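Q: Chain residues, written in single-letter form:
There are 2 protein chains.
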Amino acid sequence: MIRPLTRRSKQALKTALSTLAQHRNARRRPLPPRLWELEVDAAGHLTLEGHALAELTARWGSPLHVVHAAALRRNARAFLDDEGGPPCEVYYSYKTNPIPGVLRLLHAEGIGAEVISEYELWLALRLGVDPARIVFNGPVKSDASLREAIGRGIALLNANHREELTRIGAVAAELGRRPITGVRVCTSASWGGQFGAPIDGGEALAAIEEACRNPHLDMRALHVHFGAPLRTEEQLRQLLDETLDLAHVAAERFGFELDILDLGGSLAIPTVQALSSKDKRLNMTFLADLPPPDPGRTLEIRAYVRLVRRLVRAGCQRRGLPVPRIVLEPGRALTGNTQLLLTTVHTLKHASNAAPYAILDAGINLAQSVQSEFHQVYAATKMHASNYGSYRLAGPICSPGDVLYWGCTLPELAPGDTLAIMDAGAYFVPFATSFSFPQPAIVLVDDGAVRPLRRAERFEDLVLCDDP
Amino acid sequence: MIRPLTRRSKQALKTALSTLAQHRNARRRPLPPRLWELEVDAAGHLTLEGHALAELTARWGSPLHVVHAAALRRNARAFLDDEGGPPCEVYYSYKTNPIPGVLRLLHAEGIGAEVISEYELWLALRLGVDPARIVFNGPVKSDASLREAIGRGIALLNANHREELTRIGAVAAELGRRPITGVRVCTSASWGGQFGAPIDGGEALAAIEEACRNPHLDMRALHVHFGAPLRTEEQLRQLLDETLDLAHVAAERFGFELDILDLGGSLAIPTVQALSSKDKRLNMTFLADLPPPDPGRTLEIRAYVRLVRRLVRAGCQRRGLPVPRIVLEPGRALTGNTQLLLTTVHTLKHASNAAPYAILDAGINLAQSVQSEFHQVYAATKMHASNYGSYRLAGPICSPGDVLYWGCTLPELAPGDTLAIMDAGAYFVPFATSFSFPQPAIVLVDDGAVRPLRRAERFEDLVLCDDP
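As given, the protein sequences belong to chains A and B, one line each in that order.
To convert a position in the first sequence, counted from 1, into our numbering, add 2.
To convert a position in the second sequence, counted from 1, into our numbering, add 2.
Please note that the accuracy of each hint is not assured.
[To be verified] One-sided excerpt, in silico: chain B residues whose CB lies under 10 Å from chain A:
1) Pro35
2) Gly52
3) Ala199
4) Glu236
5) Arg320
6) Gly322
7) Pro324
8) Pro470
In case anyone wonders, no lab produced these hints; they're calculated from the structure.
Owing to the predicted nature of the structure, the values given are computational and were not obtained by experimental measurement.
Cβ coordinates follow ideal geometry from the N, Cα and C atoms, glycine included.
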């Protein structure tokens, strides 16, 4: 008797607070579509290079990934900025968005391949990437892949941790080659965990020394990732200071010459940010809209690259070190904001005392990152709407975990409406599953034309390997 | 100056506490292998029906899923228990482990198909399942799949929510058929969210009434899932009480006749349990081993099924309702403990002041569930070991999130060792991704023989749909 009463009072309180949150939400403004070069036509439809997004799903199916070639080229060129000196060497982190059509376009712009597995190495070679434009990283490199990489003379082989040096040295000895090698290290603020030897405590220095003394390795590089999304000059400065201090000590102690400084990836996407646990809780409990980031607070690609080049030069000069070649391995910053995921409202589920569910044909099966990051969502045919509501956005896979956002203010929705989830070009595709629903097609919008990069999975594809 | 000092004191404290935790861990005993009909041979190797697990990876590759046919048959037969009356009708939840070879074996035992998508419906029909042995659920049923399901006369079509009744009715009208229909409802303790109409507040009753009044629907069933893992008689009792009360009210108000009571899935696996946030924190911070569940605290399948049949009979008699057919849709309870995932230690990464990482060839790409559940892990060739250590188990995908457990007491490991992750038969396969590494093979151990159910993905398979 008491429990139902408590439940009902709680429910009443929650309803009241949701109403308040919805009033607050009404004032919160979405990020403007022009950040992605999207336009809104007279009918209130979101368009990309003249193509109404909703019409793309009518033609190519729903859900649908849409890649924007111009944005890819713009980002690639910004990374290769060469104002006032030689540009960085840029290798795209394949794992971030391993779509051959996207990779090809980046390679055509002069971007190399950063691979972390035998499969990715195979893919880069299949796409015709020159081995001298491939960097090989990661903690799980098979012996076969090491043989391939060393045999072909790839640009750089980074040992993830000290124990890997022995394995790499053994394969190099077997092949009678001396691969250009780096050692991954961690600064006090960067990720550690399974990646890299920590500078603090001396493990990094010991690993560098071991690499230098291994006659089968041409040890020339330090490899470091900030790890968390890097947004500010201060974060970059600290990363470089600790890494160059390490290079300096290694030079003095045992004559290590830093020829290649590989700064990894980590640069953030200005329009995406990790959700704080507070924002997540407010979203889940009171349907409060998630706050969009201020795009101006993240270094733009060109500013970041110029800063890297300037700080490395200055930092080396200050320490009396020769200025090394600079390698970058961008992932999310290069492709994240060049792709969007279109999904259709399959059905609405109303409730008497809570916000309705909009149940979509895409959920965590295709957009897992959305559960831990803010991504802008638009109703692609209702950009001029005047009625708004708060919706819980659920996916199709019949799992209670398949909720993208617990509250999202959107124009009044109806079944068949198309939503656009922005910044789908980092970690959406590699984390995608075929959980009960085949994976969708991917199209490229390029200079006003639309062409397929990947067809949707067919039912038969999902049992391709069965009953062999 | 102060920050590094604080960091070091914190580190020292952490090291001391980890040592304590490791002492405690040494006393914690793993679950015994006989729970899975595994044996340990004289050399300390874990074997299944005479096959050393580590030799299976040598023959079929690593990682490797191993399905145990005898366990599948045992579970299927327990669900179909008919002592003292007609058995329940049992439909396997395809989404839980959609491997055609597993599904075929279950169908041969008399288990039907519970599907939640157009793809799963296609798969069931392709496997030769009689439409009268298919139940169709889920919030996202395409019109095409409804046409197929209704046209072929499937056993039961459950509407996920009220709004879906209109869509089902429209397709039924178009085909001139009257499908056997149910309505999904939620009790006070069961999942709600995007699934089902809540009993509390009257939404369920309204949905049932709407279904009864729709001339195109043969409304006969209530569908309810407990949702969270169901372990006890008390949980089942409450679920049935609220559902049968609802059926009783619906019978009195508008003459609804409950012909089919569909109790969904939810029965727990005795050897798996969700991790509490406290256990997770202790594991992450102090490497404290995760506590295994007491298998005796979860209803066994046969006990559960007998209880269901007894309680439904008694509950209906008490309310003056005819006893309905009982439908079950087990997922995890039917296949969870019939499969294990073998993975190889690729490399170790030692640290001066922390437990080493064992970096495996399988991580969250293949075993995502492990991050939120206890799963027993064995070192398959070291069951007689005397030296133990605490390891952090990381996967291969170069993401900081790819850690399965932060502390796991295991025999002293070396590269090449095989680990067995138990209870891999629920949600490992559907949540698997091809993130940088192709998905592994699946073999069946059946009556002493080993045969492949699914070959490993080839590199070419991963770009099968590209450049169409």
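Q: Taking the hints in turn, state whether each one holds.
A: Right, here's what the structure says about each hint:
1. The restraint placing B:Pro35 at the interface with chain A is violated, with a minimum CB-CB distance near 27 Å, outside the 10 Å limit.
2. With a least beta-carbon distance of about 23 Å to chain A, the hint placing B:Gly52 at the interface is violated under the 10 Å criterion.
3. About 9 Å separates the beta-carbon of B:Ala199 from the nearest beta-carbon of chain A, less than 10 Å, and the hint is met.
4. Interface hint at B:Glu236: violated, since its Cβ lies 15 Å from the closest Cβ of chain A, which is beyond the 10 Å cut-off.
5. Taking 10 Å as the C-beta cut-off, the interface hint given for B:Arg320 is violated, the closest approach to chain A being about 21 Å.
6. This hint is violated: B:Gly322 has a C-beta 25 Å from the nearest C-beta of chain A, more than the 10 Å allowed.
7. Annotation: interface hint on B:Pro324 violated; nearest CB of chain A at approximately 29 Å, more than 10 Å.
8. Restraint check, B:Pro470 versus chain A: the minimum CB separation of about 4 Å is within 10 Å; hint holds.
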